[in-house]
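**Q** Based on these hints, arrange chain B on the given structure of chain A.
The residues making up each chain are set out below.
2 protein chains.
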Amino acid sequence: MTLSAVEVNQIKQAPAAENILPAVLHRWSPRAFADKPVSDADLKTIFEAVRWTASSSNEQPWRFIVGRQGSETYTKILGSLVESNQLWAGKAPVLMLGVANGLTQKNTPNGSALYDLGQAAATLALQATALGLAVHQMGGYSRDKAREAFGIPAEYHLGAAIALGYQGEPSLLTVERMLQIETSPRTRKELNEFVLSGWGAALHLG
Amino acid sequence: MTLSAVEVNQIKQAPAAENILPAVLHRWSPRAFADKPVSDADLKTIFEAVRWTASSSNEQPWRFIVGRQGSETYTKILGSLVESNQLWAGKAPVLMLGVANGLTQKNTPNGSALYDLGQAAATLALQATALGLAVHQMGGYSRDKAREAFGIPAEYHLGAAIALGYQGEPSLLTVERMLQIETSPRTRKELNEFVLSGWGAALHLG
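These protein sequence lines map, in sequence, to chains A and B. This note's numbering applies: residue 1 is where the first sequence begins, and numbers increase by one. This note's numbering applies: residue 1 is where the second sequence begins, and numbers increase by one.
The shape of chain A in the complex, shown without the other chains (with noise of 0.2 Å):
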């Protein structure tokens, strides 16, 4: 029995917490993409939330490719996608490909470029949530097939492929293997694991 689309949104969501911004809590990386547009208006706000994450210096390295189903350039993103991630992702309505600038004004290397693009995605994830828009970030594209096809100068790094759209009923799924990570509950490491008051020794919190 296959659970539907609104079954496993209760399953994704973390944990409640007092205070946690709701979008954290409801964020999660479906392979299901309903087959409905994201409006111009939405694009928008998203980016318009994007343009305003910190970046080192404010040097703002962030770039995205931004293709719309049927387009050139979301043909192009697809093409560069590893199978496994071909398999799901061209039924997302929207592809975009997260690309930093590694020099700075100053024309110097930029140490942070990769960094604080990661900054733009997670806000783009979170303002996404909100909406009700769901966000898969993809590692696994060809770097060299996306920087040919765009053209993408040697100095900007490539971030993330990221598919963006309605989450979709998990039956869309013809792949065992993915149905069963779609229907999973998110795991992630305890706090102690990672918040730490020196090298190899978790910081108390009362």
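Source of the hints: derived by calculation from the structure; they are not laboratory data. Only a predicted model underlies this, so the values are computations on that prediction, with no experimental measurement involved. Everything hinted at is true.
The calculated DSS-like cross-link candidates involving lysine-lysine, where the alpha carbons are at most 25 Å apart (straight line), are:
hint, chain 1, residue 1, chain 2, residue 2
1, A, Lys189, B, Lys44
2, B, Lys44, A, Lys12
3, B, Lys189, A, Lys106
4, A, Lys44, B, Lys189
5, B, Lys12, A, Lys44
6, B, Lys36, B, Lys12
7, B, Lys91, B, Lys145
8, B, Lys106, A, Lys189
**A** Relative to the frame of chain A, chain B by itself:
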């Protein structure tokens, strides 16, 4: 005449836009921090939010070394900052260092480590803002000093140093240049500078 903290917050607020997460609009990076500690409960809430950040293959490469004012950890982080950051950051009640594991659980290089640490830091900043706290990330510190002070293994990448606390009155800042930055509006690129349909081509949105 020096502006008050409340007046500065109005200046730093991003222009209101429908449906944008309030924490995105309110977040900015002060240098003036009030003499007021951060509770254990708020730190827990912040890291509980960070926990649910997305990461490549769910590696969760982020680690945060967290020091409260007066602790040895705090002194080490403060001592690694460049002088222009030491001038103001020593007033923040909490200093942190974000670090990313450059190896996956399979012991292969994790090319997304810094990107995912950036995602975690953005979540941290937005959750802190939602709690009424302020965050200022700093790239300006000696990675060598910090790595040596904490004995951080070579496979871990160093991200940003992070000041956390409550925004203070701008009059706390004694350096004219810092006061000027503290009281100027935030500036960002326009959407058509970073939302693209292809390389060098802005995406047309409505």
